[in-house]
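Asks: Using the sequences and the hints given, assemble the complete structure.
Listed below, chain by chain, are the residues.
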Amino acid sequence: MASSRKITLRSSDGESFEVEEAVAVESQTIKHMIEDDCADNAIPLPNVTSKILAKVIEYCKKHVDASKAEDRVNDEDLKAWDAAFIKVDQVDQATLFDLILAANYLNIKSLLDLTCQTVADMIKGNLFPVRNEWLNFTFSIANRELVLVCLTEWVAHRRLFCS
Amino acid sequence: MSRLFEFTGDGDFCPGGSLYPNPKETSVFLSLGRHVDVYFPTRKRSRVSAPFVFSGDQLKQKKQASIDVLPDECLFEIFRRLPAGQERSACACVSKRWLLLMSNIRGDELCCNKATLPLKLEDLSGQNEEVSGAEPAAIKDDGYLSRVLEGKKATDVRLAAIAVGTSSHGGLGKLLIRGNNSIRGVTDLGLRAVARGCPSLKVLSIWNVSSVGDEGLIEIANGCRQLEKLELRHCNAVSDKALIFLAKSCPNLTDISIDSCSTIQNEGLKAIGHSCRNLKSISINNCPHVGDQGIASLLSNASCVLTKVKLQTLHVTDLSLAVIGHYGKAVTDLILANLQNVSERGFWVMGKGHGLQKLRSFAVTSCQGMTDLGLEALGKGCPNLKQLRVHKCAFLSDSGLDSFAKTALSLERLQLEECHQITQYGLFTVLANCAVKLKSLTLVHCLGMKDLNMGSPMLSPCKSLRSLSIRHCPGFGDVSLVMLAKLCPNLQHVDLSGLQRVTDAGFMPLLENCDGGLVKINISGCTNLTDKAVSAIAEMHGWTLEVLNLEGCLKVGNTSLVAIAENCPLLNDLDVSLCAVTDFGIAALAHADQLNLQILSISGCTQISEKCLPALRKLGQSLVGLNLQHCSGISKKSVDLLVEHLWRCDILH
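Protein chains in written order, with UniProt numbering: chain A, 1 to 163; chain D, 1 to 653.
Which residues of chain D face chain A? A few of them, derived with a C-beta cut under 10 Å, are:
#1 I67
#2 E87
#3 A90
Straight-line alpha carbon distances no greater than 25 Å define the calculated SDA-like cross-link-like pairs of lysine to any residue that follow:
#4 A:K79 - D:L75
#5 D:K392 - D:T313
#6 A:K124 - D:I105
#7 A:K87 - D:E73
#8 A:K109 - D:D72
No lab work stands behind these hints: they were computed from the structure.
Because the structure is a prediction, the values reported are computed rather than measured.
Virtual Cβ for every residue (Gly too), placed ideally from N, Cα, C.
Replies: Structure, rendered in structure tokens:
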């Protein structure tokens, strides 16, 4: 491949990462910045820490490599890699949420899809360790009403199918 | 769903208030359980005699991992990927923010992962052995559910919950909103949630909600393309803009009703007339800015298939009626009420327009323009008119009725209320001229009816008349009744309520002349009728009589009841309120084995005492309704015992 330009990305805690342009433009946000000629110096990303930025770059690199003709990787292998990539973070919810935030800010659709689907699957499969943490404990009147109404709907649904 | 309640933190049940300002942090107490004695003074340090010790770091960590750090658009992305059903409903229960996010997901934004389908099948078949594995997991969104929100319950939150909840099992088809919660009522946000979540909505009816405006209805227009019926009443913030959008976006609209919406003007109606190709029924009431322009553009469309039109309390003039008369080719039911600016000319032109060929039913109320001339023109112009009702039209007189009756060859039902210029002459001409088809004739509160002797003109009887009803016409008496009796030989239903001048002598000929046998008789309020009349009813028509109402016939007593008991096997509804009946009469009714009364009213019969209770119990075997109000002779205790004994019967006391 012809030598592609190197782009420097700077995280919120001051660390710089040098990446190929092809990898950097996986992010639509960065792509627009480059097109608007803001990328002469390093691109500052004040919303992303170095830890997260490293992971994001790892993800983008893998996906860019996978699409190149030479290192042709199977779709299934790529999916497996994605699953392994995200599995590490299932234990640490904080990193998972930070990845979602980063993917959203940097506008990387495939990473956003992956992370959000993972969270959705975990809600569905009740895999979040402390699930009731999400529920506000002060069951205020508004919540009680909500719960009742949503419960009624669900009960009606069950009755429809299970009677 | 029990997982929802797994928590053991006593957020709002503890006596002293929450320990931490942020209730979410009570999660650290999850492991404590009930056996721990915990004291929570308000906003002070806690003294926890528990075996667990926790440090500040642990708190910080837990706080960071909360999913609420994600902004709305990220939560939205996650919720989009949730499968329908339990998960979505559970997340909608978490907080108002989550509910509103969930409810804003449009149908086309949902992605149903293939992986979710087998999970659902397992879910279903695990519960119900009868459901074979062949049932597809995707539940069709047919829109057969309906919801009503009234008063206090009409809030945005409920609408959002309904939108989320119904979309997973059947889809919302009908939504009625009546009134508004005064603190946090229904607004455009709630309607937006419904628009996003219920694409199969067919019927939307909003009453008395002034906080809903154009935005909400435009969202509905964009989201609920299958809308068929729309009803807006007292929605003063809705303007033509919303109507224009609705007309353009919902091709299946067949019924529109707009009532007391002060901001609706002609433009909205114009758009409806232009875009709603399938509109069948339109009803506009009390919209002060709607005028001839709107009505004309509504009706003058070539593809107009309107069958029902109702215009009430509008500032329309003769022009609108002219348009109806010319363009109303498909109209079958027309109701015009309280049109102050319409004159006689309007009705005349409407009849002359010869467009109302299919008109079957016409009702006019409080229109000064409804005069003899107008009625005559209508008779000529509407050959298929079967039903006419005229209420409070003071300028209509006998001659108009006469010319109408001569041309209205299809007329089957005629009802005149408070038309004070009509006299018995008008009545008889109608009977004479519509002798072949008229089935039902009703006169209510027509003060012009007098009891004058007309001689005995040779008029042929009206053989088709089955139902005759003359109510509260104080001038109507024996002479007219005798005349009527000769003209109506085939009656089945007779209603003479409130005719205080009628006596036995006038009533008997009616009974004698009815060949077929009367089925329903109502002589309530005829204070001059006595046992003689009722006994005659029982003897002559007992073999067909089903309903008999003698309320307020003060002179009717036990003799009548004995006669009824002996002669009326088919009677199922008897009302002897305020009559002079005593226990003996009720006992007579009870003794009649062939009598199977279903509804009995003895309200206000003060001569009835506790002695009739055994009789009532026996009658109660077939009764479904019993009215014992104001029976001062029966004590409350006895009534309660009776209520217990006759549990199948609905007893009013």
